[in-house]
Structures are given as structure tokens and as C-alpha cells.
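Line by line, the protein sequences give chains A and B.
Residue numbers 2 to 207, in the working numbering, belong to the letters of the first sequence in order.
Residue numbers 603 to 842, in the working numbering, belong to the letters of the second sequence in order.
Quick caveat, the hints were computed from the structure, so don't treat them as lab data.
Treat the hints with care, as some may be off.
[To be verified] In silico DMTMM-like pairs for lysine to aspartate or glutamate, Cα to Cα no more than 20 Å straight-line:
no. : chain 1 : residue 1 : chain 2 : residue 2
1   : A       : K175      : B       : D625
2   : A       : K175      : B       : E626
3   : A       : K175      : B       : E622
4   : A       : K175      : A       : E157
5   : A       : K175      : A       : E72
6   : A       : K175      : A       : E154
[To be verified] Derived DEER-like restraints, expressed as beta-carbon distance ranges:
no. : chain 1 : residue 1 : chain 2 : residue 2 : range
7   : A       : G35       : B       : P798      : 49 to 57 Å
8   : A       : H101      : B       : V759      : 26 to 34 Å
9   : B       : D814      : A       : D105      : 49 to 57 Å
10  : A       : S181      : B       : P623      : 33 to 41 Å
11  : A       : D105      : B       : A771      : 21 to 29 Å
12  : B       : T679      : A       : E25       : 40 to 48 Å
13  : A       : S174      : B       : D814      : 48 to 56 Å
Quick reminder that beta carbons are idealized off the backbone N, C-alpha and C, glycines included.
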Amino acid sequence: MHGPAREATPRDAAVVTTDRLQVEDRELLRRLSGGDEEAFRGLFRRYGPSAVALARRISRQPFLAEEIVQEAFLAVWRNPAAYDEGRGSVRSWLMGMVHHRAVDAVRREEAQRRRAEDVAGSSAEEVEDPAEQVIEEVDLPQERRAVRAALGELPEEQRRVIELMYFDGLSQSKIAERLSLPLGTVKSRTLLGMRRLRGALEGLDR
Amino acid sequence: MMDHEVIEELLAARALGGIEPADEAELERGMTAHGPDCAECGRLSAELEEAAGRLAFTLDPSPLPLGMEERLVSAATGASTVVPLARAGERPRRSATAWRAVVGIAAAFVLFAGGWLLRDLTEPGGDDEAAFALEDAEVVTFEGEGGSLAIAYRPGVAGVYIFGSGLAAPPEGRVYEVWMIQEDTPVPGPCLTPRPDGSLFTYVDAELGTTDTMAVTVEPSTCPDAPTGEPILTADLTAV
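When you get a sec, could you build the whole thing from the sequences and use the hints?
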């Protein structure tokens, strides 16, 4: 039995788009397992711009960002079987690899503190709050809308902690120091924020 | 045994890259105690990693650096994408007048050659050899960050002067590398290091040929044959 019809929402559009993306991504990975260069190019063209944006945002060094992204994509090329369908979407997995490498690179250079201080002084000018950016894009527009909306729905104090951790590569203790908060508060805001984010993203394709 | 709420809190921090080392060790111990078949642990981990990964898409995508796709594919497949540059022929002699004007812009500087003919134009006797008439040369400035850079050359004639000022020193162990983009393929040029006052002036015995864009990237001091970084300066030669 069917329930009453309802009007389609932007969220529905995002679900449809991401469903399609996920199906295509998994197909690209399947082809990659056979050494298909075109599939590799396809994956890079689809997610390279977002990966570079993420690596640049964290490292703040364009040349280092390219190295990070290249390393992550090469890891996919060498071992596409590392992707586990049961653990989420291809794009999240890919961005996770870029993110981990970027954070590691920043910390390896032992420049995180100075860079973070620079960020504090310039973030308002250089990087807008992602949740508040005007959406005017050519790739993955539905996905971006949905994730930005989800992030934007978080209470400011939770969103701030998540952004400092994810986009600026700060550890929880650094954030506590930066915001003059007890470490326990940072941890609880992280947990609550991520719970809300998961809930908001639930229903989008994985 | 660690309860799932604590595991969730630690997994959230790990997914965002902000977990403290001590907490990570504690998480490992907790997860180990629950065992690899703990369905709730697996669910929490997957969902939090998924949510964190999606955050990347809140950023506006960045334009890909010139040639990055080819460099990546080359690195993956082991192929080379570098096209050898046709080396220049004889360089015509010019009057010294204009050359002296250029010398006034930036003092000469000995640069790493890497197979390129580079000359220190302030060397004694360098005047005659480097007498290079720039009065009828095209001057194209680079755009980007990191200082002012320009080239002077005559289309179809071998010989390019590169001069700049206010150039930041590249990071330790790195140099600036000049590229000539020909049909989307970056052809390597000289590797450069500005002098301490940020100025730079050199001559490259090359013919730009079909080059439509020139670019400068920051590279390892080994001067790779293909760019590994994004251009910090670019010059459009198509209007010349």
C-alpha cells in the first residue's frame, strides 16, 4: 500500500544524484581493478577538484596539496580493492584518504601551530564559512548543497569545532587552547556535532 | 569494557583527524576488547567516516593544476609525458643598448642550468656576448603571486631573457622551475633561484616555438622533467 504522495524536495534530488554517483563510482573502481586508465582518469576528473580543494585548504601550500592528492589517487590506482562497500561511499573513502594524508603532511612538517595561527588571522578573509558559501558550481552540485545544508544546520559552537578539526587540521587539544575551552567541552561538541551531521546526511546515498 | 558512547566519541574525533594520540591508543584498546565482530563498533566507525568524508564537498572545487592529470596518470602507469623541446639555433647579435636597460631592471644572477644555456650577464666580457637588442622584443609579464616576473623575446627567434624582482625565496630544498606549455604539454625550462634581494635575471638559449603559455612552479631542487606542483606564475603568450 502506498502512502499519500508528497512533493519532491531538494533532499530527494540529492538522494537521486548521489545514488547515481555511487553506482558510477563503484563501476569506475571495478574497472580500475583491471588497470583501466580511462576509469582512473574518470575518477580523477570527478573528484580531483574537490580533493585538491581539500588538500589546499588543510595544507595551505598548493604544491604540497598536489603531492597529497597525487599520493591518494595513486593509492587508489594501486589497490582499488582497499575500498570496502560496506563502509560507505567511494567519494567519502577517497576524501578520507586525502584528508588523512593532508593532516599527516601538515603535522609532519611540524608547522601546524604556526599555520593554524595564520589561519586564525586570515580565515575570515581567505576562506568563507563553507556552510554559508553561495552555491554556484558545475560539479556535484546536489551533493554540495546537501552537505552544506547539513553542516549549516549544526549549532554554531559544534560547527566551529568540527571545522577547525577537519579543515584546519587541529587536534582537539589545540582547539581547546584556541577557543579557551575545556578539552572535555571540545570532545562533547565534536560528538554532538557529528551525531547531528550523521543524522542530517542519513538517507543520502552511501 | 569501554561502552559504545565512549567509542563513538573517540571515533568522531578520529574521523575528523583531531584525535589525540593518547585517545587513539585508548580507542584501539577499546575496539580490540570489543573484538572485530562488534557490529555496533563497525556501524559507528563507518557512519562517522562517511559523514567526515562528505565534509570535503562543502568546499568549492579547485581548478586542477596545469598538467596534473597527465602527471598523475604517468606516475600511475610509469609513462613519460615530457616532450623534448627543440633546442634553439644561433642567437642573433644585437646592440648592447637595450640590454643595459634590462640590466638596470634586475642585476644578473648565475642560475642553475640543467641542460640550458644560462649566462651571468654581469660577467666581464659578458656585454658583447649578451648584446641583445630588446627595443623590438616582446615583453610579457607573468601573473600570479610571489613577485614580479617577465620575459623578453622575439617571436620566431631563439633567446629569451627572464627577469624579475620581489621574488620570494622558494622553500628550502626547492627551486622555481620554468615551463613552456605547448599543446597542453609542459616542456621543462630552467630551474631558478632568485638572489637574496628577490631579483632575478637570466638568458635562456631557447626558442619558444609553439608555446602558448609559460608557467613557474615550485619544484624539488632536482628539477623534475614534469611539474609536480601548481603554477604560481603564468604568462599568456597567445596575444603576442
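Quick rundown of the hints versus the structure:
With a C-alpha separation of about 14 Å, the suggested pairing of K175 (chain A) with D625 (chain B) holds against the 20 Å cut-off. Proposed proximity of K175 (chain A) and E626 (chain B) is supported: the alpha carbons are some 16 Å apart, at most 20 Å. In summary, the hint linking K175 (chain A) to E622 (chain B) is supported, as the alpha carbons are separated by about 10 Å, within the 20 Å threshold. Proximity of K175 (chain A) to E157 (chain A) is assessed by CA-CA distance (about 18 Å); at most 20 Å being required, the pair is judged to hold.
For the hint linking K175 (chain A) to E72 (chain A), the alpha-carbon distance of about 27 Å lies beyond 20 Å, and the restraint is violated. A C-alpha spacing of about 24 Å is found between K175 (chain A) and E154 (chain A), which places the hinted pair above 20 Å, so the restraint is violated. Our hint of 49 to 57 Å for G35 (chain A) and P798 (chain B) holds, since their Cβ atoms are close to 53 Å apart. Here the CB-CB span from H101 (chain A) to V759 (chain B) is close to 51 Å, at odds with the stated 26 to 34 Å.
Restraint check, D814 (chain B) to D105 (chain A): a C-beta distance of roughly 38 Å breaks the suggested window 49 to 57 Å. Take S181 (chain A) and P623 (chain B): their Cβ atoms lie about 23 Å apart, and the range 33 to 41 Å is violated. For D105 (chain A) and A771 (chain B), the hinted distance range of 21 to 29 Å is satisfied, since their beta carbons lie about 26 Å from each other. Distance hint for T679 (chain B) and E25 (chain A): a CB-CB separation of about 22 Å, inconsistent with the stated range 40 to 48 Å.
A hinted range of 48 to 56 Å for the beta carbons of S174 (chain A) and D814 (chain B) is consistent with their spacing of about 50 Å.
Figure legend: structure checked against the earlier numbered hints; hints not met, in rising order: 5, 6, 8, 9, 10, 12.
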